[in-house]
Amino acid sequence: MFAIERIRIIKDYLIKDRHVSVAKLSSLLNVTEVTIRRDLEKLEKEGFLKRAHGGAVLNETNEAVSEEIEDPYTQERDEIADTVFHLVSDNDIIMLTDGLTNRQIAKKLKQKNNLTVLTNDLKIALEFSDAPGNNMILLGGNLDEHAVYGQLAINNMRNFSLNHLIMEVDGISRDTGVTVSSISKASLIQESCRAAQTVTVICLADYFGEKSFYRIGDPTIANKIITNSTLADGYKNYIFDLNIPLYTSVEIYEG
Amino acid sequence: MDTPLMRLEDISLSLENFSLKAINLDLYSGEIHVVMGENGSGKSLMMQIISGIVSPDTGTIYINGTPAKQKLLSSGLTRDVIYIRQDATMLTQLSIAENLFFHNIPYRSKLLRTIDYDKLNYMCQNLIDELDLPVSVYDKVENLGFAQRQIIEFCRAYISDAKIVILDEPSSALTQSERELLYRIVRKIKEKGAGIFYITHSLEDVSLLGDRVTILKNGSIMGTREVSECSQEEIIRMLSGHYIKNRYPKIMIKHGETILSVRGLGFQEKLYDINFDLKEGEILGITGLAGSGRTLLANCLFGAVDKVKGQMYLNGSEIKLDSPYAAICNGIALIPENRLTDSIFAYLDVNNNVSMSSLKRFANYFLLNTTLLEQVVADYVSKLNIPQQPSNNILEYSGGNQQKAIFAKWIMSRAKIFILDEPTRGLDIASKIDIYNSINDLIRKKAGIIFISSDVEEIMGICDRVAVLADRTFVCNVPTKDVTVEKVMEMSISREP
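Keeping their order, the protein sequence lines are chains A and B. Read in my numbering, the first sequence has 194 at position 194, and its numbers run on one by one without any break. Read in my numbering, the second sequence has 316 at position 61, and its numbers run on one by one without any break.
Hints in this document: simulated from the structure, not taken from any laboratory. All C-beta atoms in this analysis are idealised placements derived from N, C-alpha and C, irrespective of residue type, glycine included.
When the alpha-carbon atoms are kept at most 16 Å apart in a straight line, the in silico EDC-like pairs for lysine to aspartate or glutamate are as follows:
| id | chain 1 | residue 1 | chain 2 | residue 2 |
| --- | --- | --- | --- | --- |
| 1 | A | 11 | B | 634 |
| 2 | B | 509 | A | 82 |
| 3 | B | 701 | A | 254 |
| 4 | B | 509 | A | 90 |
| 5 | B | 700 | A | 82 |
| 6 | B | 701 | A | 82 |
| 7 | B | 687 | A | 241 |
| 8 | B | 615 | A | 5 |
| 9 | B | 700 | A | 254 |
Residues from chain B that keep clear of chain A, each with C-beta distances beyond 10 Å, as calculated:
| id | residue |
| --- | --- |
| 10 | 358 |
| 11 | 371 |
| 12 | 374 |
Using the sequences and the accompanying hints, generate a full structural model.
Next up, the structure:
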């Protein structure tokens, strides 16, 4: 039994039950209480939990933890972000459209060097504020929640030429193609597509087969499609037949 | 020319993962018709249809211009068609003479069924003299080498009265002199007026022997040409056909330290002087034709065969692998080509199959913590999208899911070097995609992959380097971005015997 596996099981348990006792974990994982205490200490340092007498409770005030509780797809988005990290090279000029997964991606891409990142998402821009090795350009436009859209943003966009567009979408389906939930988002993405050499479409597996209101185009606008590992087999066949590489972000090996 | 001896018209057959599409082919008497195509292109299936072992879904086979009933082909007509396969089917306890004349044994007394050995051996000696074979009448087949057995098989085709002779990759395992003997026999069969379908991967066979050549790819015929009017380049171009390289999910990984170095690896007469390095996060593709020793090389690297020559270095220090156990202890995993016989424990359930290589982690003195084991296995099973029914027998799962379970087994053992021998052959597309993406996960976390495949397109799509095995050694080892599919195909075709 390896530490990584133990920590994962403890985390899952805590997210489900919010609190746990040392004795319970020790019998569940079949290791001594001393080992469990050490694991809990480690997780406390990460801010994931608070140790209490004979056990631990989930630290719900921690931002990462509360995100994980609110957004059921945190882990999936994280896996997707790991894959995208390996598809972007240093020195690339990329665009990240607004979306929760793209925010996770931004967190990973911070570690790159000399990246130029365009975005219309304020939170993504904020992520890069403490990454001085990279170049962040925030588009201007009409603010709607955490992102900007509209004619201003599109005009802004026209000044740039991109290596790589990473767009997060709200649905991919056989009949309607790639779709998003607002017309202003759709037109901004369509404009960005024209400026990009490579187009990567990010979509959670559960959103395949979903139809949102506004259509961006056929799935073939994508040079790559990235999703998480629970994608239904039917869509794997469909996308392979369209000759688009499909990345399912399997996260399994503990190297 | 006159009516063909045999003509296939619009033959189609669909199997689970493969189909032959509208095959049109003919064979004239006294003709050597060479059939080429990469592994899995449908050559053998087509020959099975011709010899009546398998019936097609649609289409007609004409023999001498009259449609042959499939039933006839598989019973009465088999005397007209003789199919010599790669795996020699002989009675090993009997002599050469007895084997050759098995269907035509001379009797001293018909009633008592006593065999006239003098006559039998005389007939056989005549044949041996006629063909100048390097064997004796009295040799038992079990004492013969593989190549000699094959030669005897070819003689069976020669003495039979079959009008249509099918030879399935007859030259692949032969040396130069044996090959010349084969050519002599094949030409004699031709002189008798029989038509010959000759399956091969060797361009040399085509130019020395063939009258016409037909190229198959993915179950369709790419074209049929007169050998005299057709250049080698044209044949190679037809063999490689139209390739799509960009549909494989490849990720860019910075390669780390060299984890495995192989120097001067050799095995018997079959492999010699194989050198390569494998780095962390690298995928090395190995391709080559059937019989080029791909699987043998995998077994050598995994310690599954004895007396391997050469040195292997793991992280810079030399290791000796005298058993698969030693390889596993050193973090080397092998996913063998033949799933059913070499990979799975058919009578165990998925849990036990998946955890087989990592049982130590669940051991508590002499007992296994099965609750924990089940939990961890369920985790791996769900991450690899294997439909969850963990108590079921592994045989009840589809091929794709079995292969994914085998993958899970080695991933769970946390091996560092994965040797994958044809990991995606015969799988459905969805399982293939799962396997490619799992490989991406492995290299992201610094494992090294040796990816053996006969599908050149797949190799070019997902590997960083490609090595081609031909003539018993690597004829190249280059980054995939520096070569084309056509070039790799060309190199894999044997130049010397």
